[in-house]
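J.: These are the residues of each chain, in order.
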Amino acid sequence: MNTLPLLLYAAAGVAYAIHFARRDSAIGRAATTLLLFGALVHTFVIGMQTMEVRHLPFANFSRAVSSFVWLLTLSYLYLELTTDERSMGVFILPVIIGLQLIPVLHPGVERADPVLDSPWFWVHVSSLLFAYASFALAGVLGVTYMLQFKEIKKKHLGYFYTRLPSLQILDIMNSRAVTVGWVFLTFGVIIGAVWTAQARTIAPDDPNLRAMSIDDPKIFVALLTWGVYSFAVFARRTLGWTGRRAAWLSSVGFAFAMVNFLAINYFVTTSHTFY
Amino acid sequence: MHLFLLGVSHRTAPVDLRERLDFSSRDLSAAAGAIAAKPSMSEAVVLSTCNRSELYVATTDPACAREELVSFISEYHHVSTPTFQPHLFALENSAAVAHLFRVAAGLDSLVVGEPQILGQVKEAYQTSASKRCVGPVLSNVFRWSFGVGKRVRTETALGEGAVSVSYAAVALARKIFGRLTGRRVLVVGAGEISSLTAQHLRAHGVGEIVITSRTHAHAEELATLVGGLAVPWEAMTSALGAADIVITATGSQRPIISRAQLEAAQGHRRGSALFIIDIAVPRDVDPAVGEIEQVFLYNIDDLQIIVEENLSRRAAEVERAESIVNDEVTKFMAWQRSRSAVPTVVALRQRFESIRRSELQRLEGKLGPLTPEARARVDEVTRLIVEKLLLEPTEQLKALPDEETQAAYTEAVNRLFRLQDEDASEPSKRS
Chain A
29 MNTLPLLLYA
39 AAGVAYAIHF
49 ARRDSAIGRA
59 ATTLLLFGAL
69 VHTFVIGMQT
79 MEVRHLPFAN
89 FSRAVSSFVW
99 LLTLSYLYLE
109 LTTDERSMGV
119 FILPVIIGLQ
129 LIPVLHPGVE
139 RADPVLDSPW
149 FWVHVSSLLF
159 AYASFALAGV
169 LGVTYMLQFK
179 EIKKKHLGYF
189 YTRLPSLQIL
199 DIMNSRAVTV
209 GWVFLTFGVI
219 IGAVWTAQAR
229 TIAPDDPNLR
239 AMSIDDPKIF
249 VALLTWGVYS
259 FAVFARRTLG
269 WTGRRAAWLS
279 SVGFAFAMVN
289 FLAINYFVTT
299 SHTFY
Chain B
19 MHLFLLGVSH
29 RTAPVDLRER
39 LDFSSRDLSA
49 AAGAIAAKPS
59 MSEAVVLSTC
69 NRSELYVATT
79 DPACAREELV
89 SFISEYHHVS
99 TPTFQPHLFA
109 LENSAAVAHL
119 FRVAAGLDSL
129 VVGEPQILGQ
139 VKEAYQTSAS
149 KRCVGPVLSN
159 VFRWSFGVGK
169 RVRTETALGE
179 GAVSVSYAAV
189 ALARKIFGRL
199 TGRRVLVVGA
209 GEISSLTAQH
219 LRAHGVGEIV
229 ITSRTHAHAE
239 ELATLVGGLA
249 VPWEAMTSAL
259 GAADIVITAT
269 GSQRPIISRA
279 QLEAAQGHRR
289 GSALFIIDIA
299 VPRDVDPAVG
309 EIEQVFLYNI
319 DDLQIIVEEN
329 LSRRAAEVER
339 AESIVNDEVT
349 KFMAWQRSRS
359 AVPTVVALRQ
369 RFESIRRSEL
379 QRLEGKLGPL
389 TPEARARVDE
399 VTRLIVEKLL
409 LEPTEQLKAL
419 PDEETQAAYT
429 EAVNRLFRLQ
439 DEDASEPSKR
449 S
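Top line first, the protein sequences correspond to chains A and B. The opening position of the first sequence corresponds to residue 29 in the working numbering, with each subsequent residue numbered one higher. The opening position of the second sequence corresponds to residue 19 in the working numbering, with each subsequent residue numbered one higher.
Quick caveat, the hints were computed from the structure, so don't treat them as lab data. Check the hints yourself; a few may be wrong.
Taking CB as the label site, the calculated pair distances span [to be verified]:
id, chain 1, residue 1, chain 2, residue 2, range
1, B, Arg436, A, Arg57, 52 to 62 Å
2, B, His236, A, Ala263, 41 to 51 Å
3, B, Pro411, A, Pro122, 55 to 65 Å
Covered stretches of chain A, as calculated for chain B (at least 3 residues, CB under 8 Å) [what the hints assert, rightly or not]:
id, segment
4, 171 to 185
5, 192 to 204
6, 261 to 271
So these bits of chain B aren't anywhere near chain A, every CB distance computed over 10 Å [claimed, not checked]:
id, residue
7, Pro57
8, Ala81
9, Val431
Think of the CB as a built atom: it goes at the ideal place given N, C-alpha and C, for glycine as much as any other residue.
Construct the complete structure from the given sequences, taking the supplied hints into account.
T.: This is the structure we're talking about:
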């Protein structure tokens, strides 16, 4: 079911790459159209899965990744359509395509767990997935900022200089994405704590719930990620850490977020293994 | 009707002569009107920029038009004919079309690919059109040229990249700050390039422009020119703290802005970017300033390198642009030929139609007993036969490869079918 969106994303990725290299606006429009179609089909897939399990398909790792990809695509499309700036597509599409491979290769089965049957849980996961999607955008914006910054600073105006938007625009977009992501991350973590406290009263012996503490790698790295982004938000406003420093922070933060979301979730975690 | 072009450009005439033959300082539409009123000419467009003065006309006799235009130029500018005649160039029909397309594409400009020329061509055309000095010949070729200019601009990188130091500086500022609206500029030392750069920045909507110079009168002079504010030399350090873009161009033998001075100013800037354009030789800004985070320091050599890279990039695009122009000239000439065949095609159709009608009329007696449906069928069948007979010759006539062949074919068709023979319009009388 996730294959068709993947194919459309891959086609859009190729079109974005050609658009970036040749700066052909017709190919750029085709890329956006393909991505819109991909997002539309993906929305349908997520909708079907929601009807199937009667809640958003988050409780299975693969489906959570698929939902994350869907949110990331929608966030990127929002950014592209509101700024009329397509050059980011070539950087964000590899992330979208790479992550969408996970649900295609390992579909997995969603298991209904009575512990998860709480609105707090769904708000917790939705918030964090949306926060990660914002951080993914901020991370890509940060990387492109650094590429552009390096060319201008070193006076080697070349490939990226002619293709990327101005440093100021990249910095503003990065700032917005980090702030939005940070708000959702903070909200999601708080809701997660509330849900844990509530769920413990329902299922006091659940091994996952018992493992929910700062010692758990998933929770520890999540708080570390929150720390990085909190510093990024604070440093921009009080220390004047804009531009390259902010770009660097958002890239590091995104690395933490992805390690937590993918690697730790898959190999290490003890508290978040509901599937 | 022929398209004829007579003019001078930076390729044929020195700047002092071009200045004397400049039409743009006076009423262009009056000049176009005066030319179009000459006996041998019916349409006129005057294209006059600092690099060219070109007169495009529609004429029945190019040789006569040339003479009339030469005497017009001489009288209009009060310049004796021998002074400018050796510098004139004249082109006719397809050569004139190709020239106009090259001009509109920016291929004939002094700085290849410069963007203003297409607007100037459009303006020249509109000025003449507003005075009703253009007809089908100039209207078609000029309108087509706008499309050529646009196509070259979108399909090639001919117009990309700044090709002057001041534009390169503005382009960089836009790449750092995005929109320049509201940005504060500090100009240290008033020179020609700093003045030009400040003017370009002003045109891009920057906010306050503060100017300081050791000689306050120079600062005030530039402030008046660019609509800025002149401040005393001693206020430079505080102005540095508030500026987003700094242009330095003093004659100082030693750097006037040090790293320590800038770092102190940066403390108040809370990480916002600072773009310094050091045009002075020797340099006004300590090169170590460029190492400060969020400070972008460019000197005159850095900007010159950008300009040269852009120029060589444009030169690499010339070939592609030329092939687009050639392609468009071929298309335009073919289109024009197909249009010039139209009167013959129309006459041929009228001739066949009149034969058809007169034959039907002649057979009126025999067709009389037929039912109205059958008569309508006969009418339809004869009409279709005529249509089919004419389809192939019409297509062939429109698609002939050159003007000479077309003239020969048109002449042959005219003679074969007696298209210009009034008596021939009533063939049934002779049959």
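J.: Each hint should be assessed against the structure and marked as holding or not.
T.: Quick rundown of the hints versus the structure:
1. Between arginine 436 of chain B and arginine 57 of chain A the C-beta distance comes to about 56 Å, which sits within the given range of 52 to 62 Å.
2. In this structure the hint that histidine 236 of chain B and alanine 263 of chain A lie 41 to 51 Å apart at CB holds, the actual value being about 42 Å.
3. Checking the proposed 55 to 65 Å range against proline 411 of chain B and proline 122 of chain A shows it holds: the Cβ atoms sit about 60 Å from each other.
4. For a cut-off of 8 Å, the count of residues in the segment 171 to 185 of chain A with a CB near a CB of chain B stands at 5, and the three-residue condition holds.
5. Under the rule that three or more residues need a Cβ within less than 8 Å of chain B, the assignment of the segment 192 to 204 of chain A holds, with 5 such residues.
6. Restraint check on the segment 261 to 271 of chain A versus chain B: 6 residues with Cβ-Cβ distances below 8 Å, three needed, restraint holds.
7. The beta carbon of proline 57 of chain B sits about 49 Å from the closest Cβ of chain A, which is more than 10 Å, so the claim that it is off the interface holds.
8. The Cβ of alanine 81 of chain B lies farther than 10 Å from every Cβ of chain A, with a closest approach of about 47 Å, so its non-interface assignment holds.
9. Chain A leaves valine 431 of chain B outside its interface by the beta-carbon criterion, the shortest separation being 43 Å against a cut-off of 10 Å.
When held up to the earlier numbered hints, the structure conflicts with none and fits them all.
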